Every structure is written in C-alpha cells, then in structure tokens.
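Colleague: The residues making up each chain are set out below.
Number of protein chains: 2
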Amino acid sequence: MQTTLPLASVKKLGEFVDQDVRLRGWLYGGRSSGKIAFLMIRDGTGVVQGVLAKSDVEDEEMFQAARKIPQESSIIVAGKVRQDDRAPGGYELLLSHVETYSEAGEYPITPKEHGQSFLMDHRHLWLRSRLPHAILSIRSSVEFALRSFFDREGFTLVDAPIFTPNACEGTSTLFQTDYFDKQAYLTQSGQLYMEAAAAAFGNVYCFGPTFRAEKSKTRRHLTEFWMLEPEMAWADIDDVMQLAENMIASVIGTVLERNAADLATLERDPAKLEAIRPPFPRITYAEALEVLAKQGKTLAWGDDFGGEDETIIANSFAKPVFVHRWPREAKAFYMAPDPEDDRLVLGVDLIAPEGYGEIIGGGQRADSLTYLEEQIAAHDLPPEAFEWYMDLRRFGSVPHAGFGIGLERFVGWICGTHHVREVIPFPRTMNRLSP
Amino acid sequence: MQTTLPLASVKKLGEFVDQDVRLRGWLYGGRSSGKIAFLMIRDGTGVVQGVLAKSDVEDEEMFQAARKIPQESSIIVAGKVRQDDRAPGGYELLLSHVETYSEAGEYPITPKEHGQSFLMDHRHLWLRSRLPHAILSIRSSVEFALRSFFDREGFTLVDAPIFTPNACEGTSTLFQTDYFDKQAYLTQSGQLYMEAAAAAFGNVYCFGPTFRAEKSKTRRHLTEFWMLEPEMAWADIDDVMQLAENMIASVIGTVLERNAADLATLERDPAKLEAIRPPFPRITYAEALEVLAKQGKTLAWGDDFGGEDETIIANSFAKPVFVHRWPREAKAFYMAPDPEDDRLVLGVDLIAPEGYGEIIGGGQRADSLTYLEEQIAAHDLPPEAFEWYMDLRRFGSVPHAGFGIGLERFVGWICGTHHVREVIPFPRTMNRLSP
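Heads up: the sequence lines are chains G and Z, in that order. Under this note's numbering, the first residue of the first sequence carries the number 1, and numbering increases by one thereafter. Under this note's numbering, the first residue of the second sequence carries the number 1, and numbering increases by one thereafter.
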C-alpha cells in the first residue's frame with residue numbers, strides 16, 4: 001500500500017471526495033459474493049461501507065483474504081472516497097487495498113439478541129456497538145456542553161472533595177473507607193462545599209462522581225454517578241430556575257447540532273428535544289398536588305412524589321416542569337424558609353418529560369445562622385460537624401441558591417434510554433462492579 | 001438606595017465607566033479618617049476600592065456606620081465607576097451608599113501570619129483570600145482549557161469508573177470500601193478502561209479524581225487528586241509526546257490570556273510560562289543518566305529517578321523535558337517493548353521545569369497478547385483479573401498509546417506553588433480529611 005496516501009477518519013471523509021485515502025479501523029461486519037465484497041469499517045468516529053471489487057484489487061489473494069477477515073479484526077485499508085447520498089454518513093470507500101493488522105478471535109457479541117447482563121459483562125467490547133457508541137458520544141457532548149455553559153456564564157469550577165469526614169445523616173447509604181487511623185465517607189453531594197466556594201468566588205460549580213450505597217435496583221439508580229452542582233451568591237430560587245432552564249436548553253441545543261447522527265441511531269425524535277425551550281412551566285407543590293388529584297392520585301399534604309407521581313405531573317406539560325415551594329418536612333434542613341408561608345421552604349425540583357423523573361433538585365439556602373441552628377437541632381444532626389458550614393453564616397452570610405443535576409438521568413432523557421446504567425461507560429450498581 | 005441602578009461585578013466595572021452602579025460583595029478591608037473612608041470590596045470576581053467621602057453620602061450616620069463594618073461582612077453598595085490606572089484592576093468606586101446585609105463576627109483570618117494548619121482548618125473561609133483565590137481561579141481555567149483542548153482535537157470523554165473490583169498490585173496504597181457483599185477499591189488510574197474505550201472511539205480521555213493511600217507527607221502528595229488520561233488508538237510513543245506538548249502549550253497559553261491578574265497576584269513571572277512552546281526536548285533514559293552523571297549524580301542502569309534527580313535533569317533544559325525509552329523493570333507491565341532494544345519499553349515521562357518534577361507519565365502500550373500474558377505472569381499478577389483487558393488484544397488489537405497528567409502538579413507548576421495541597425480546593429492528605 002502507498003503509505004503516502006492521506007490518512008482519513010470516517011467522520012472527515014467529506015474532506016477527501018474522489019481522493020484516495022488510507023483508513024485504519026476495525027471490521028464491523030461484511031458480506032460478499034464471488035466478485036464483490038462489502039466491508040463495514042468502523043474507526044471510532046463512525047462507520048463506512050467499503051466496497052471491494054475483485055477486479056480492483058492488486059491481487060486475487062487479497063480479495064479472498066478480505067472476505068474471510070473475522071469481525072472486529074483491526075484493519076488498514078486504502079481506497080477512493082465516493083459521495084453517495086444513500087450511504088449512511090453520505091460516503092463510501094472504493095477499496096483497492098485491505099490488510100489485517102490483528103486478526104480477531106471469535107467475537108462474543110453477535111447480531112443475535114444478548115441479555116443485558118451478558119452485554120454488561122462484555123462492556124469493554126460492547127462500547128464498540130452502535131447503540132452504546134451513540135449514547136456515550138452524546139454523554140461526552142453533554143458533559144462538555146455543560147462545562148462550556150458554566151464557563152461562558154462566568155462560573156468558577158471548584159472541585160468538591162470525594163472523601164468527607166462525617167456521616168451526619170447515618171451511614172445507611174454511605175460508602176465508608178478506612179482512612180489511615182480514621183473513617184472517611186464518599187461524598188453524596190458537594191453542595192455544602194459549593195456554598196463555601198460561592199462566598200469566595202460568587203458563582204461556582206462542581207462536577208464529579210458522587211456515591212450512594214442504596215440497595216436499589218430501579219432503572220434510575222447507580223451506586224456511582226456524576227453530578228453537577230452550581231451555587232450562586234446573592235441569588236434566590238428564581239435565579240435557580242432561570243439558570244437551570246437556560247442550561248438545559250443550551251445543552252440540548254448543542255446535542256441537536258453535534259449529535260444528530262447519534263440521535264438518529266437511537267431513533268430519538270429530535271422534535272421532542274427541539275421543543276425544550278425556556279421558559280419552563282413553574283408550579284408550586286400545592287399546584288402539583290392539584291394536578292395529581294385531577295388525575296385521580298390524591299396525596300397527603302407533605303408527601304414527597306414517587307416516580308409514578310412525577311410521570312403524571314410531567315405528562316401534564318409539554319416541557320420539563322419546575323415544582324417549587326415544598327413542605328419543610330419533605331426537604332433538607334438547609335433549605336431557606338418561604339417568607340410568605342412558614343410551612344414551606346424555597347426548594348425546587350425539575351421533572352423531565354416522558355417519565356424520566358426528577359433530574360434537578362435545588363433551591364435557596366437558609367442564610368440565617370439562628371434558623372440553621374434550629375434546623376440542625378430539629379433534625380438531630382451533630383452541630384460540631386456543621387461548625388464550618390455555620391461559619392458561612394457567621395462571616396458575611398448572603399442569600400444564595402443552587403442546584404444539583406444528575407448527569408445520567410439528564411443524558412438518559414436526552415437519549416430516550418430506559419435504564420441509567422446504559423448512559424455511563426462502566427456502570428456500578430448493587431450487583432455490578434466489573435469490568 | 002436606587003435598586004434600579006445596574007448591577008455590576010468587579011470584573012465588569014469597565015463596562016460602566018462614569019456610571020452609577022450597584023455592587024454586592026464582602027468587605028475585604030478598609031481604612032478611614034474623619035472625612036473619608038476607603039473600603040476594599042470583593043465580590044468573588046475581583047477586589048475594588050470604594051471611596052466614601054463623608055460629604056457624598058446621604059447622611060452622616062451611614063458614613064459613621066460604614067467605617068465600622070467588620071471585615072467579611074456582606075455589603076451592598078452604590079457608587080460611580082471611575083477609571084484610575086493606578087488602582088488594581090484599573091477602576092475604583094466613588095461610593096454614595098453602603099449598607100450591610102449581614103454583619104460578620106470577628107474574622108479568624110487576619111493580616112498576621114497564620115500557620116498552614118490553621119489556614120487549612122479554615123479552608124472554607126481561606127478560599128476568600130487573595131492567594132487561594134488566584135490559585136483556584138487558575139485551576140478552574142486549566143481544567144476548562146484541558147477539556148477544550150481535547151474537545152477541539154476530537155477526543156471523546158469517557159468517564160472511568162471510581163469503584164474497581166481488583167487489588168492487583170496489593171492493597172498497600174489502595175483505599176478499600178465495603179461494596180454490599182464484596183470489597184471495592186478506589187481507582188488509581190483509568191488507563192485500562194481508556195484502552196477499551198480507545199478501541200471503541202479512537203481517541204478518548206477521562207478526567208476525574210483518583211486515590212492513593214500513600215503514607216507520604218511530601219509536598220507532592222495528596223490522597224485524592226485529579227488526573228487526566230488520554231488514550232489514542234493507532235498511535236505510538238511519538239504521538240504521545242506530540243499530544244502532550246501541544247496540550248501543555250495550549251493550556252498555558254489560555255492561562256496567560258485569562259489569568260494575567262492572578263499570575264501577578266502570585267508574583268509568578270509570565271515570561272517563564274511564555275517560554276513553554278513546543279517542541280520540548282526529548283532525551284532517552286540513557287541520555288538522562290548521562291545528564292545526571294555530568295552533574296555528579298551516578299545512577300545504576302535501571303534505577304528510577306528521585307525528586308532530586310528530576311530537578312537536576314529539569315535544570316539542564318529551559319523547557320519541560322521528555323525522558324523516553326526506559327528500562328523494562330522501571331515501568332509497568334503493560335508498556336510496549338522497544339523493538340530496537342529489548343531491555344527497554346516505550347514509556348515516557350515529562351519532567352516540568354523549576355523542580356516541579358514528573359507531571360506526565362505514559363507511553364505506548366503492549367498490543368501483543370502473548371507478550372502481555374508473559375508480562376502478567378512475570379509480575380505475578382492474577383490473570384483472571386485481566387481477562388477483559390486481554391480481550392482488547394484478542395479482538396482487534398491495535399498499536400495504542402496515552403498518558404496521565406496529574407492536575408495538581410501541573411497547576412502547581414503554573415502557579416509556582418510550593419505544595420500541591422494549595423492547588424486543590426479542599427485538600428485531602430494523610431493527616432487532613434476536613435473541612
């Protein structure tokens with residue numbers, strides 16, 4: 001083969017129309033007759049069909065060998081790029097040369113249906129298949145779009161620690177580790193740290209893995225998942241809703257632009273995503289109860305919503321919906337009280353459409369030292385563990401607010417994926433710790 | 001106060017020259033006479049001097065009150081923006097209104113010298129001080145610049161798992177946690193997972209926290225630190241060096257542009273960073289031994305370098321220096337053998353200038369199944385734990401290469417910071433797990 005030929009990637013074939021190029025990748029699949037072979041070649045950036053005519057190759061031996069290359073063998077090919085609007089991606093390769101770099105053994109993932117457990121046992125290989133590839137390409141876009149959004153908006157990234165010293169609310173859902181002569185716990189949220197950082201930097205966010213040792217096998221739970229948590233000084237619950245809706249619209253806009261082919265692979269209707277434009281509807285907890293009651297689901301005042309309730313609420317709106325101003329007992333101790341109704345706190349959840357449930361939880365934080373001390377006592381929390389957190393109210397307390405968005409639930413919704421384990425490269429659940 | 005005044009941030013005062021604005025922040029410091037008070041106001045985006053003349057405020061009571069506001073109280077001010085080239089940042093505020101939102105208690109961090117331990121105990125407040133603020137602003141820029149670089153270069157972000165199932169090389173530096181009925185270990189590197197991902201996506205990277213339970217108290221060690229690990233399919237050791245030097249030059253360029261004021265705060269000479277342009281010198285391990293010998297430091301062939309050795313090598317060059325082609329025994333089992341000298345493997349380290357030591361380690365990976373099996377046996381590693389990793393050689397093995405860069409060491413070098421604990425928001429070391 002002429003190694004002087006330009007090296008192309010599937011994604012950039014359009015830059016080489018009618019030119020001869022080299023391409024390196026893996027054999028994704030193929031079929032052949034006595035005179036012509038079709039090789040599907042993937043290189044990580046996409047899949048292209050290579051057409052190998054017996055009459056076009058250097059020698060017949062190469063043609064016969066190419067027909068027998070096992071699936072997932074690594075190959076180096078050369079050929080001319082032809083525009084073909086019927087081809088997926090718009091191009092095909094008229095091959096003149098095919099060589100195998102490393103011949104694959106019998107590939108365990110075949111076109112037949114495999115169970116989820118088998119596929120997840122082979123996650124290190126399954127990543128190469130079309131659906132996981134499309135989902136994780138979207139995940140990558142979403143993560144960068146999120147970071148780009150916060151960078152543009154002037155937020156400072158402040159990484160929250162993973163090791164935390166206290167198990168304030170019990171150890172039942174905490175992962176615990178020996179930490180030299182102490183015990184440490186793996187973080188469930190960076191929020192308290194972000195409150196400290198907001199007083200130093202104004203607007204901040206963290207974005208990293210968080211952990212939950214829940215004995216839960218639902219399709220919405222992972223033991224290890226990524227969470228983004230912005231926090232703003234001098235901000236209130238309305239600022240949270242505005243930031244959240246702008247963020248979601250911005251990220252979805254990026255995915256529609258960058259990942260159109262991936263959405264098509266997933267058969268995800270882009271029109272459903274295009275409709276996600278601010279403002280999103282905003283209803284109070286009390287109004288949400290009415291929505292549920294109208295659908296025949298009566299909850300007691302103070303109840304939190306289950307997954308089914310969230311779906312009923314979501315289905316009553318075309319866009320994600322904010323539910324704000326919750327009963328105090330349904331939310332965490334640090335939520336700011338509603339100045340207009342002391343049964344309520346200024347918490348807000350965002351419920352995604354199509355049954356994807358709560359993807360954001362946040363709100364305004366209590367900035368009064370006295371109120372916070374009362375709440376810590378009322379929740380039987382150890383005040384000494386919160387001394388540093390109280391310092392934020394002792395030294396220049398300001399109204400401040402923020403939220404957390406679970407990456408996997410967000411990406412799951414965008415992709416239209418049933419189970420969150422499919423939207424993280426190497427999922428960790430109660431029953432899965434490998435590969 | 002007229003709440004209709006536009007709300008400014010310190011960073012954006014230049015957009016409001018000669019206009020009246022509102023500003024919300026914290027009192028960073030001040031001094032006053034009977035007729036005039038100077039208030040240093042910080043808002044997270046910067047610090048501005050506010051000038052309050054008794055004759056300019058609405059009433060004398062406000063002037064007297066403003067003089068007595070304790071440090072770090074949260075305040076809301078109004079005033080006219082004046083350009084003043086002598087002022088830090090180029091602007092000052094001629095104040096007409098000052099009100100306290102929350103009066104601070106006696107602030108524990110005073111202008112006097114505090115010990116590191118005291119400051120780190122108050123890290124939640126110390127973040128507000130000039131030096132930590134500058135360092136962590138640079139850290140935020142570096143992280144986004146790194147992600148932007150890999151996004152531009154077409155790399156897919158593939159998050160590596162934190163929980164891993166095996167303690168292949170012993171548990172001595174691993175953090176361990178109960179994982180339901182199993183044991184899990186916290187990741188020390190995402191590399192093996194990135195090798196799987198590179199075969200699916202071509203060029204990939206992960207960037208997240210990694211963990212090391214080392215009983216080490218040196219200035220270069222943290223138990224929890226962030227690491228970025230790119231991996232490229234169809235790539236070799238030269239590609240690694242080229243990618244690494246382009247990445248470093250790109251990130252430093254961004255910091256010079258975005259964080260000039262922070263570098264000035266740190267008294268970090270930008271000329272030293274401006275000089276960091278590719279190509280970086282590339283020497284073999286054997287050549288590095290000669291460099292050391294010339295400086296009177298004789299190492300046996302096969303020895304790894306200590307911190308002092310790295311400094312000697314670094315000081316022999318004006319830029320970061322690559323040391324490549326290491327003795328097999330000095331490097332990990334997965335390194336590709338050097339086809340030209342079977343005592344060597346295709347590993348490469350990058351040593352930063354000015355004594356900041358190794359910031360990158362990487363190289364080309366072994367892609368031969370047979371060789372890898374031999375190495376796993378030779379290192380007494382349990383082959384069953386590497387079954388999935390061997391699959392990457394069974395099914396379409398390709399030449400591939402990558403590296404890991406430790407974020408804190410990189411940022412420490414950029415900032416000229418002595419101890420890596422200063423470049424992470426909430427450091428975790430052998431003796432520190434809080435706040």
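By construction, these hints were calculated from the structure, which means they are not laboratory data. Every value quoted in this text rests on a predicted model; they were computed, and no experiment measured them. Wrong hints could be hidden among the right ones.
Which copy is meant is left open, so a pair is good if it fits within one copy or across any two.
[Stated by the list, open to error] 20 angstroms max Cα-Cα, derived SDA-like pairs, lysine to any residue:
id, residue 1, residue 2
1, K12, E153
2, K319, S55
3, K217, L299
4, K182, N431
5, K182, E214
6, K272, E58
Colleague: With identical chains treated as interchangeable, where does the CA-CA distance between K272 and E58 reach 20 angstroms or less: within a copy, between copies, both, or neither?
Modeller: neither (50 angstroms within a copy, 55 angstroms between copies)
Colleague: At most 20 angstroms between alpha carbons: which applies to K182 and E214, within, between, both or neither?
Modeller: between (23 angstroms within a copy, 14 angstroms between copies)
Colleague: Pop the pair K12 and E153 into one bin, within, between, both or neither, using alpha-carbon distances up to 20 angstroms.
Modeller: between (32 angstroms within a copy, 13 angstroms between copies)
Colleague: Between K319 and S55, at a C-alpha cutoff of 20 angstroms, which is it: within one copy, between copies, both, or neither?
Modeller: neither (57 angstroms within a copy, 55 angstroms between copies)
Colleague: At most 20 angstroms between C-alpha atoms: does K217 with L299 qualify within a copy, between copies, both, or neither?
Modeller: Result: close neither inside a copy nor across copies, 25 angstroms intra and 56 angstroms inter.
Colleague: Could you place K182 and N431 in one of the four classes (within, between, both, neither) given a Cα distance threshold of 20 angstroms?
Modeller: Between copies only: 10 angstroms across chains, 28 angstroms inside a chain, cut-off 20 angstroms.
The earlier numbered hints that this structure contradicts are 2, 3 and 6.
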